[in-house]
Structure formats: structure tokens, C-alpha cells
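Peer 1: Residues per chain are reported as follows:
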Amino acid sequence: MAKRSELAEISIQEKDFCLADEVALLEADNPCDGAIVTFTGRVRNNNDGNSVNSLTLEHYSGMTEKSLANIISQARERWDIGRVKIIHRIGELTIGEQIVFVGVTSKHRHDAFAANEFIMDYLKVKAPFWKKERITDAGQTVERWLEAKTTDTDKADLWS
Amino acid sequence: MAKRSELAEISIQEKDFCLADEVALLEADNPCDGAIVTFTGRVRNNNDGNSVNSLTLEHYSGMTEKSLANIISQARERWDIGRVKIIHRIGELTIGEQIVFVGVTSKHRHDAFAANEFIMDYLKVKAPFWKKERITDAGQTVERWLEAKTTDTDKADLWS
Amino acid sequence: MIKIVFFAALREQLDCAELTMDIAEILTVNDIKQRLGDKSEQWQQTFSNTSLLSAVNHDMVAGDHKVKSGDEVAFFPPVTGG
Amino acid sequence: MIKIVFFAALREQLDCAELTMDIAEILTVNDIKQRLGDKSEQWQQTFSNTSLLSAVNHDMVAGDHKVKSGDEVAFFPPVTGG
Numbered sequence: 001m002a003k004r005s006e007l008a009e010i011s012i013q014e015k016d017f018c019l020a021d022e023v024a025l026l027e028a029d030n031p032c033d034g035a036i037v038t039f040t041g042r043v044r045n046n047n048d049g050n051s052v053n054s055l056t057l058e059h060y061s062g063m064t065e066k067s068l069a070n071i072i073s074q075a076r077e078r079w080d081i082g083r084v085k086i087i088h089r090i091g092e093l094t095i096g097e098q099i100v101f102v103g104v105t106s107k108h109r110h111d112a113f114a115a116n117e118f119i120m121d122y123l124k125v126k127a128p129f130w131k132k133e134r135i136t137d138a139g140q141t142v143e144r145w146l147e148a149k150t151t152d153t154d155k156a157d158l159w160s
Numbered sequence: 001m002a003k004r005s006e007l008a009e010i011s012i013q014e015k016d017f018c019l020a021d022e023v024a025l026l027e028a029d030n031p032c033d034g035a036i037v038t039f040t041g042r043v044r045n046n047n048d049g050n051s052v053n054s055l056t057l058e059h060y061s062g063m064t065e066k067s068l069a070n071i072i073s074q075a076r077e078r079w080d081i082g083r084v085k086i087i088h089r090i091g092e093l094t095i096g097e098q099i100v101f102v103g104v105t106s107k108h109r110h111d112a113f114a115a116n117e118f119i120m121d122y123l124k125v126k127a128p129f130w131k132k133e134r135i136t137d138a139g140q141t142v143e144r145w146l147e148a149k150t151t152d153t154d155k156a157d158l159w160s
Numbered sequence: 001m002i003k004i005v006f007f008a009a010l011r012e013q014l015d016c017a018e019l020t021m022d023i024a025e026i027l028t029v030n031d032i033k034q035r036l037g038d039k040s041e042q043w044q045q046t047f048s049n050t051s052l053l054s055a056v057n058h059d060m061v062a063g064d065h066k067v068k069s070g071d072e073v074a075f076f077p078p079v080t081g082g
Numbered sequence: 001m002i003k004i005v006f007f008a009a010l011r012e013q014l015d016c017a018e019l020t021m022d023i024a025e026i027l028t029v030n031d032i033k034q035r036l037g038d039k040s041e042q043w044q045q046t047f048s049n050t051s052l053l054s055a056v057n058h059d060m061v062a063g064d065h066k067v068k069s070g071d072e073v074a075f076f077p078p079v080t081g082g
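The listed protein sequences correspond, in order, to chains A, B, C and D.
The opening residue of the first sequence carries number 1 in the working numbering; numbering runs sequentially from there.
The opening residue of the second sequence carries number 1 in the working numbering; numbering runs sequentially from there.
The opening residue of the third sequence carries number 1 in the working numbering; numbering runs sequentially from there.
The opening residue of the fourth sequence carries number 1 in the working numbering; numbering runs sequentially from there.
FYI, nobody ran anything at the bench for these hints, they're computed from the structure.
A portion of the hints provided could be inaccurate.
Claimed, not checked - Quick list of in silico lysine to any residue cross-link-like pairs, SDA-like style, CA-CA up to 20 Å:
(1) B/107 to A/46
(2) B/15 to B/25
(3) A/132 to C/78
(4) C/39 to C/59
(5) B/132 to D/66
(6) D/66 to D/26
(7) A/155 to B/80
As the list claims (entries may be wrong) - If you anchor each label on the Cβ, the simulated ranges turn out as follows:
(8) B/142 to A/21: 36 to 42 Å
(9) B/18 to A/158: 33 to 39 Å
(10) A/24 to B/25: 16 to 22 Å
We treat Cβ as the ideally placed atom computed from N, Cα and C, and that holds for glycine.
With the sequences and hints as input, model every part of the structure.
Peer 2: Structure below.
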């Protein structure tokens with residue numbers, strides 16, 4: 001397994017990230033992990049049939065980092081994984097912009113896949129982020145807080 | 001769903017690939033797919049305790065493309081996915097080099113994760129590639145064909 | 001004294017991001033909710049929403065979790081990140 | 001006539017990448033294996049390996065698959081890509 005201390009595993013940031021740079025960091029000096037799985041989430045152009053223009057991401061600084069560190073620890077207990085990186089953006093984001101990145105390396109591809117999906121599923125229900133969408137509804141631009149999906153809670157429950 | 005015809009979904013090539021370029025192609029003009037999952041497999045520095053120096057990848061041209069196209073079709077039948085890209089390298093590869101890339105976009109992250117892992121699991125047991133490793137065993141450099149793992153067959157069977 | 005913070009839709013509904021509360025004895029998170037609800041009709045209604053989540057010192061907790069002076073208590077709607 | 005191709009360790013064991021075989025009647029993949037095994041002691045032994053896989057016209061097939069003139073038949077060890 002790669003030394004973990006070399007990487008800051010969690011980054012909450014306003015600025016965009018570069019997938020290639022993140023993957024290069026996960027792979028650097030890491031010749032034993034043959035598998036790398038990445039997840040990238042982007043702002044979609046619609047939600048529940050409404051056209052989305054942009055969104056604002058709010059979070060609970062301090063708790064966010066703690067909850068994500070806790071999720072990574074749980075993933076490490078369950079699977080044999082090497083390096084992990086979670087990036088989550090905050091602030092104003094427009095269509096197509098990257099919101100979240102999760103990268104996991106492992107000797108075994110299944111561990112990398114499972115740990116990555118687990119991290120995303122738990123992040124969705126445990127990490128204190130909230131999205132406010134600016135949507136066009138019947139010609140009007142309105143802001144609304146996104147409602148949590150029960151399917152997300154169900155997905156996270158599947159791991160327990 | 002993004003138009004598929006824009007992308008060649010399968011590429012068997014000697015030359016290396018660039019993850020960032022592949023992801024950019026999967027995401028370009030694709031504002032409806034909020035999730036993208038990538039898998040990258042690289043040459044590890046060891047296998048069954050032996051130090052690996054390099055490997056050679058042989059394939060059955062024609063059948064390779066057909067089998068991968070078939071795997072993608074099966075993935076499309078099972079999950080709601082947008083764009084798919086599979087790259088597999090052939091020829092001589094050294095430690096740390098990229099061997100295989102699978103990228104899948106979707107509106108829903110679970111579909112992207114599941115389809116990507118399914119494609120990798122099926123590729124491992126259905127696509128006609130063979131690896132010959134150059135390893136150092138007790139001080140001697142020897143070549144040997146990699147043995148197929150029964151765990152790979154078991155993983156693929158889990159999907160049926 | 002404890003610090004209480006609110007987030008997202010809850011913060012907007014209350015028009016309040018943060019407040020402090022003097023507590024003499026040890027209270028549960030539910031006790032604190034109750035006290036906050038006592039502030040007004042509107043707060044009462046807001047805190048009757050059973051989907052609200054609670055955290056103490058950055059850990060998600062249940063309603064029977066005990067809060068002591070110096071703790072940071074947070075209330076917020078179900079999270080929607082990722 | 002059918003074309004028969006071999007890959008990887010099998011190709012090296014046989015020291016043969018490709019050959020053609022005249023077939024008058026319709027044969028199964030197993031029949032073809034049998035005929036190949038008749039070539040020599042070594043081929044006999046090689047084709048007695050039950051883990052060998054077979055493909056006809058680029059599709060993986062079972063031993064009872066019927067082969068007709070013009071088909072391309074392939075034999076190879078379990079695959080190890082990815």
C-alpha cells in the first residue's frame with residue numbers, strides 16, 4: 001500500500017480541479033496498485049424536469065472534513081485499498097462544472113470499485129453539503145434548495 | 001443520452017492513452033450525464049510474489065472488437081448509461097504503464113459504477129487478450145504466460 | 001454556554017445562522033430543539049420538522065445525545081452534496 | 001475449407017499460428033479438436049487440455065457448435081487481459 005501521509009486525502013475548495021493531476025498524484029510512486037477507479041460528478045442541465053442554470057453549494061466547515069475522514073476510515077476497514085482522494089467543491093457552480101471527485105487505488109479492481117461507490121453513497125447522506133439550484137420553471141428563474149432523495153438513503157443502507 | 005455515433009467506443013492500440021483526453025471526449029456536449037466513472041488498469045510491479053519487469057499483450061484481432069462491442073451492448077441493456085469508451089493496449093508494456101481504460105457516463109452514478117465494473121469483469125473473461133510476463137524469479141529473468149484466475153470467472157458469473 | 005448553528009434551508013427559514021444558549025444542566029439534543037421551538041410560533045413549526053438532522057461537535061447524533069457546556073450543536077436539513 | 005488459428009501459450013506449444021483444414025461434411029468444434037489431436041502425440045496431448053477455449057467467426061462457442069466450410073475457428077487458453 002502507498003504511504004498515505006504524502007497526500008491530503010480531502011479537499012473542500014471553491015476552485016475547479018484537474019482530473020489528470022489528481023490521478024497522477026494517486027499513481028505517483030505507487031507501482032503496487034494496478035487499479036484506479038475515479039468518480040466525477042458534474043452539474044447536470046436538468047433535475048426533475050426543470051432546467052437548471054446554476055447552483056450554490058453550502059457546507060458545514062469542520063464537520064465536512066471530519067465526516068469525510070470518517071467515511072474513508074470505514075472504507076479502509078472494509079476493503080484493501082491504497083490511496084484515496086476526495087475533492088468537493090463549494091460556492092457557485094454552473095452547468096457542466098465538476099462538483100465532486102473520488103479517486104481510489106488498489107491492488108484489486110473490485111476493492112477500488114466498491115470503496116469508491118461506498119464513499120460516494122456515504123458522502124451523499126453523511127457529509128454536510130447542501131445544494132441550492134437556480135432553475136427556470138414556467139419561464140421564471142427561481143432558487144430552491146434541493147430535496148434529499150430517499151433513494152440515496154436506501155443506497156447507503158445497502159452497505160450496512 | 002448522448003449520441004453514440006460521435007465516439008468510437010472501442011480502441012485496441014499499441015500507443016499509450018491520455019486519461020484527461022478520454023474523459024474530455026466522454027463529457028463533451030454531454031450536459032445530461034452528471035456522473036462519470038473511470039477505471040484504469042496499470043502494469044503492477046509484482047504478481048504472485050514474483051517481480052515483474054514488463055509484459056507483452058497479444059490479442060485476437062477482430063474477435064477482440066466484436067467481444068467488447070457485445071459486452072457494451074449487454075451493459076446498455078442492463079443499465080441506463082450514456083457514453084462508453086474502452087481502450088486496451090497491446091504489445092510491450094513496462095511497470096506502471098497503463099493497460100486498460102473503461103469510461104462510462106450516466107445520469108445516475110450507480111449505473112455508471114455498475115456498468116463500468118461489469119465491463120471490466122466481462123472483459124477479463126471474454127475478451128481475447130493474453131499477457132506474457134517477463135519476471136525475475138530466483139535471480140533469473142524468465143517469460144511466462146499469465147494463468148487465468150478463477151476469481152475472475154467467479155466475478156463475471158456474479159452478474160448473471 | 002453552547003453554540004448552536006443552522007444551515008441551508010433551515011438557516012433561511014429561521015433567518016439565523018448562529019446563536020448561543022446558556023445551559024445550566026446537561027440537556028439532550030431534543031431538549032435543545034424544544035427550547036428553540038419555544039422562541040416563537042415560527043421556530044416551533046420549523047423544529048417540528050422530523051427530517052431535521054443534528055450534529056454535536058461535528059458528529060451526526062440522535063435526539064437523545066447529551067449536550068454539555070462548550071459543545072457546538074448543529075441543526076440542518078438532510079444533506080444534498082455529491 | 002476452414003481456417004484454424006491458435007493464440008498465446010497454445011500457439012507456442014504447437015509452434016503454429018494458423019492452418020487450414022479441408023472439411024467435406026459439417027463438423028463440430030470437438031470433431032475438429034479430435035482431428036487436430038490426430039496429427040501427433042504432442043498435438044494430442046495439447047488438445048486434451050480441457051481449459052482450452054474455442055471461437056467460431058469471432059464468437060466464443062461450446063464444443064458442440066457446428067462448423068461449416070468458410071468458417072474461421074480459433075483455439076486459445078483462458079484469456080488474461082484487462
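Peer 1: Now, for every hint given, state plainly whether the structure supports it.
Peer 2: The hints, checked one at a time:
Between residue 107 of chain B and residue 46 of chain A the CA atoms are separated by roughly 10 Å; this keeps the pair inside 20 Å, and the hint holds. Pair hint residue 15 of chain B plus residue 25 of chain B holds up; C-alpha atoms about 18 Å apart against a cutoff of 20 Å. Straight-line distance between C-alpha atoms of residue 132 of chain A and residue 78 of chain C comes to about 13 Å, which keeps the hinted pair within the 20 Å bound. For the suggested pair residue 39 of chain C and residue 59 of chain C, the alpha carbons sit about 26 Å apart, so the restraint of at most 20 Å is broken.
Restraint check for residue 132 of chain B and residue 66 of chain D: not satisfied, since their Cα atoms lie roughly 32 Å apart, outside the 20 Å limit. Taking the CA atoms of residue 66 of chain D and residue 26 of chain D, the gap is near 7 Å; set against the 20 Å cutoff, the hint holds. With a C-alpha separation of about 17 Å, the suggested pair residue 155 of chain A and residue 80 of chain B falls inside the 20 Å cut-off, and the hint holds. Look at residue 142 of chain B against residue 21 of chain A: about 38 Å separates their beta carbons, and that is inside 36 to 42 Å.
Checked against the hint of 33 to 39 Å, the C-beta distance between residue 18 of chain B and residue 158 of chain A comes to roughly 35 Å, which is consistent with it. The hinted range of 16 to 22 Å is satisfied by residue 24 of chain A and residue 25 of chain B, whose Cβ atoms lie roughly 19 Å apart.
Hint violations for this structure: numbers 4, 5, all remaining hints satisfied.
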